[in-house]
Amino acid sequence: MKSFRDLADLEPQRLEELLDLARRLEKHPEPKALEGKVLALLFLSPSLRTMTSFQSAMLRLGGGSFIASPEFGIHPLETRPGVVMDGTAVEHVREAIPVIASYGDALGIRAFAPRKSIEDDVLDKDFDALASLSTAPVINMESAIRHPCQSLADWKTMDELSFPRNGGKFVLSWANHPKALPLAVPAATVQMAAMRGMETIVLRPEGFELPEAVMERARRAAAVSGGSVRETADRAEAIEDAHAIYAKSWSSTRHYGDADLDRELRQGLRGWCVDDSWFETTSPDCRFMHCLPVRRNVVVNDSVLDGPRSIVLKQARNRLYAQMAVLHAIMKGSV
Amino acid sequence: MKSFRDLADLEPQRLEELLDLARRLEKHPEPKALEGKVLALLFLSPSLRTMTSFQSAMLRLGGGSFIASPEFGIHPLETRPGVVMDGTAVEHVREAIPVIASYGDALGIRAFAPRKSIEDDVLDKDFDALASLSTAPVINMESAIRHPCQSLADWKTMDELSFPRNGGKFVLSWANHPKALPLAVPAATVQMAAMRGMETIVLRPEGFELPEAVMERARRAAAVSGGSVRETADRAEAIEDAHAIYAKSWSSTRHYGDADLDRELRQGLRGWCVDDSWFETTSPDCRFMHCLPVRRNVVVNDSVLDGPRSIVLKQARNRLYAQMAVLHAIMKGSV
Amino acid sequence: MKSFRDLADLEPQRLEELLDLARRLEKHPEPKALEGKVLALLFLSPSLRTMTSFQSAMLRLGGGSFIASPEFGIHPLETRPGVVMDGTAVEHVREAIPVIASYGDALGIRAFAPRKSIEDDVLDKDFDALASLSTAPVINMESAIRHPCQSLADWKTMDELSFPRNGGKFVLSWANHPKALPLAVPAATVQMAAMRGMETIVLRPEGFELPEAVMERARRAAAVSGGSVRETADRAEAIEDAHAIYAKSWSSTRHYGDADLDRELRQGLRGWCVDDSWFETTSPDCRFMHCLPVRRNVVVNDSVLDGPRSIVLKQARNRLYAQMAVLHAIMKGSV
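For the protein sequence lines, the chains are X, U and A, in the order given.
Heads up: the first sequence begins at 1 in the numbering used here, then just goes up one per residue.
Heads up: the second sequence begins at 1 in the numbering used here, then just goes up one per residue.
Heads up: the third sequence begins at 1 in the numbering used here, then just goes up one per residue.
Please keep in mind that the hints were generated in silico from the structure rather than gathered at the bench.
As the structure is a prediction and not an experimental result, all values here were calculated from the model.
Careful, some of the hints might be misleading.
Each pair may be met inside one copy or between any two copies, as identical chains are not told apart.
[To be verified] List time: in silico DSS-like cross-link candidates among lysine-lysine, alpha-carbon distance up to 27 Å: (1) LYS332 x LYS27; (2) LYS27 x LYS2; (3) LYS179 x LYS314; (4) LYS332 x LYS32; (5) LYS27 x LYS314; (6) LYS2 x LYS332; (7) LYS32 x LYS314; (8) LYS116 x LYS179; (9) LYS125 x LYS2; (10) LYS179 x LYS125.
Based on the sequences and whatever the hints tell you, model everything.
In structure tokens, the structure reads:
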């Protein structure tokens with residue numbers, strides 16, 4: 001494996017090998033595997049789970065990592081090409097990224113969407129531009145439209161709990177939130193469920209349709225895996241017999257990048273907070289999933305989150321093992 | 001040892017084992033002892049010594065650590081139960097703590113007192129609530145009322161300098177300071193000196209009495225160890241023949257949580273700055289102690305701090321060995 | 001090697017050994033060399049390359065590091081002697097530095113010039129005062145007037161590209177910049193080129209002369225190495241047949257510490273931006289050098305920086321190997 005930018009890049013066989021490796025490293029740690037190896041971590045957007053789990057993953061494999069982030073005392077970085085840099089930015093990513101990459105055996109990059117153009121963001125143009133500057137293998141730690149580490153962890157979590165692949169019903173539900181959030185997790189999640197062969201349903205209010213390019217890509221994955229993908233605003237129909245409700249808020253795609261219209265549209269959508277009533281018609285063992293961080297009693301209420309249906313902590317813990325596998329695969333060439 | 005929350009939790013025999021281990025690791029480093037092990041560090045309050053010494057301690061034992069802190073680019077955390085999270089906090093400690101803990105083999109937590117209710121703070125309610133969320137063993141890196149890492153280091157320091165246990169006179173003296181400071185160090189220190197069997201005197205102006213619960217607990221420890229504990233405002237009597245003067249400022253307990261009345265009470269207490277005159281009637285080899293950070297010429301003057309009586313740097317250095325022992329004990333099960 | 005404060009401290013033979021060691025560690029990593037060893041890093045000024053490359057260097061040698069910095073959540077530090085600390089500073093460097101140093105096997109310090117007095121800065125008084133407080137070996141990570149890690153990396157880079165030592169023509173050129181920058185890199189660079197035996201020319205506009213003490217020290221080094229050092233404002237003459245143009249902006253020495261007069265003097269100096277025309281009369285294989293971070297199209301234009309003459313990324317990468325050698329030399333006693 002030369003890099004880890006998108007779950008969709010992985011052939012099914014390779015994905016299984018990666019999941020096997022994650023399970024193996026969970027049971028049989030290899031504290032010398034990455035001795036003397038270094039992971040460079042570039043955070044252009046904030047993080048808790050990703051930052052801490054990647055550091056831990058390297059340590060558990062005997063290596064280490066360092067963090068570069070404008071929030072950690074480094075100077076502001078310029079990203080625009082051709083600009084006369086007489087403003088606040090002290091360094092261009094054209095220097096910063098290859099330099100940081102040259103100090104590591106792989107480079108993790110987190111860079112959220114600029115949220116100016118949905119077309120650009122769906123193509124993940126900014127992330128690809130940053131990644132192309134790295135001389136080291138790149139790991140996507142969440143970009144405009146992708147979050148493969150989360151997806152790999154979610155897949156592993158569902159395997160552990162014996163969620164059915166073909167025949168499993170997976171509902172990705174939009175949820176209420178005070179802010180307009182990125183499309184990365186919903187886009188990655190619908191892709192992941194489709195690749196896993198599940199009946200994948202995107203449940204969302206009008207104005208929050210996922211971009212057609214995202215849906216089309218997921219449908220192509222479903223065609224290979226034997227799953228299906230569709231979108232609806234009908235909650236009752238969507239969640240009936242579901243095996244998983246994966247809640248996540250995202251910004252309006254109708255008013256993409258327009259904070260005011262987005263907020264207006266979200267007025268009246270406070271009911272999109274997952275509570276126990278959602279599980280009345282699901283499969284009896286239906287689980288609640290979320291990538292975290294989650295706002296309690298806004299996205300989901302305490303009762304669901306603290307109850308036996310919630311597997312959010314298991315998902316978060318599997319970030320560690322998923323990422324250990326990715327690092328092992330890239331730095332040891334094991335997958 | 002399953003956790004390290006409070007020095008008072010330790011049986012005398014176990015405490016001696018921990019001190020032995022600290023001395024052994026100082027002389028005979030074990031750079032492979034914690035290979036592949038990870039310490040998660042959650043700082044909800046600022047730190048210099050604790051942050052750097054815990055990182056160093058893990059590295060010297062062959063492991064590593066990561067830091068999560070709202071000052072290090074992670075989002076604000078909610079701590080209140082049952083709240084509708086539509087404000088600035090992006091994540092609840094109910095998720096954040098178990099997640100962070102799940103990436104480590106132990107979790108260090110630093111969380112100063114909320115300073116709203118002295119009754120709650122004395123019970124260390126907030127720390128215990130946070131600690132109860134961890135699935136990993138917890139290390140107290142300073143809470144509302146406890147600082148066992150500092151106490152263990154101080155104990156080791158006094159042993160090295162052959163401070164008498166029974167028969168030693170230990171004066172914890174209040175000192176001047178521009179701010180109302182936490183009770184953690186004074187409460188921990190009086191407990192530590194009492195457990196060590198010393199004649200323990202809390203010297204403080206009126207209005208700065210330590211809480212009765214703290215004094216009572218220390219007296220119980222003294223009853224076991226053969227020491228004693230008392231409080232006084234009479235400096236001359238307190239410091240006569242003392243073997244150690246441990247200076248520390250703390251907030252008024254009479255006006256606890258009231259910054260204005262606290263400041264008012266501190267007017268006129270500028271004389272509570274330790275200088276050479278304090279040592280005229282002490283034991284000739286009396287030492288000056290402080291946990292650091294210390295404000296020069298406010299808490300203690302340059303002459304004492306730079307002179308031969310000061311052992312503050314030795315105390316700080318022993319933080320490293322004390323914490324190496326705690327980590328070894330917890331992660332290797334050696335104590 | 002007991003410390004690494006200044007390239008000029010090194011005898012020629014020792015410098016060659018250090019370069020040999022850097023080359024050896026680049027080719028033959030030693031991931032167990034510094035097992036259990038810890039580097040303490042104190043950043044009183046911002047950093048990207050230095051912070052990340054030192055962390056990586058320790059990890060590649062099997063050790064680790066920790067960072068203390070007022071930008072990373074530690075409290076403000078006092079540096080003035082004898083002061084009554086009743087202001088914002090919570091701790092004095094007289095405690096902070098020995099404590100941090102005592103947790104490491106070496107202490108890296110970065111502290112830019114106070115820029116109040118050019119005489120004090122040229123003597124590096126502040127850095128030396130800080131360094132004198134450390135009980136551990138000190139590594140200069142850039143001070144008022146020195147940057148030996150950069151110089152060692154630059155030297156190695158020139159060796160790799162077979163830049164002639166004696167007979168090589170090295171031009172350190174002032175460049176345009178929106179801000180008044182420190183003298184550390186220009187002073188270190190002229191010293192490095194002189195020590196390397198090159199014909200060293202400082203090209204700069206009037207008002208930006210390097211301090212006489214810096215020039216005099218470089219001339220003494222040139223006398224030993226067989227090189228030469230001079231200063232000029234005549235670009236045409238300076239760059240003719242040059243093997244290297246090393247661009248760097250620095251503050252006016254005529255108006256040192258006076259931001260307004262400095263800015264005024266820089267009006268009209270926008271032409272000091274290196275572009276392709278500069279290389280018309282140089283040696284055909286003349287290279288462009290810079291220590292980074294660099295402001296594109298202010299200090300140097302895109303065409304030069306992205307073209308084949310630029311070796312700035314190689315310089316930055318060599319920071320890693322240079323510093324691995326320094327750490328190995330100090331902590332293993334190998335040089």
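Status of each hint after checking the structure:
no., hint, in the structure
1, LYS332 x LYS27, "both (18 Å within a copy, 18 Å between copies)"
2, LYS27 x LYS2, "both (25 Å within a copy, 22 Å between copies)"
3, LYS179 x LYS314, "within (26 Å within a copy, 43 Å between copies)"
4, LYS332 x LYS32, "both (11 Å within a copy, 18 Å between copies)"
5, LYS27 x LYS314, "within (15 Å within a copy, 41 Å between copies)"
6, LYS2 x LYS332, "within (11 Å within a copy, 35 Å between copies)"
7, LYS32 x LYS314, "within (26 Å within a copy, 30 Å between copies)"
8, LYS116 x LYS179, "within (16 Å within a copy, 31 Å between copies)"
9, LYS125 x LYS2, "within (20 Å within a copy, 49 Å between copies)"
10, LYS179 x LYS125, "within (23 Å within a copy, 33 Å between copies)"
The structure meets every hint from the earlier list without exception.
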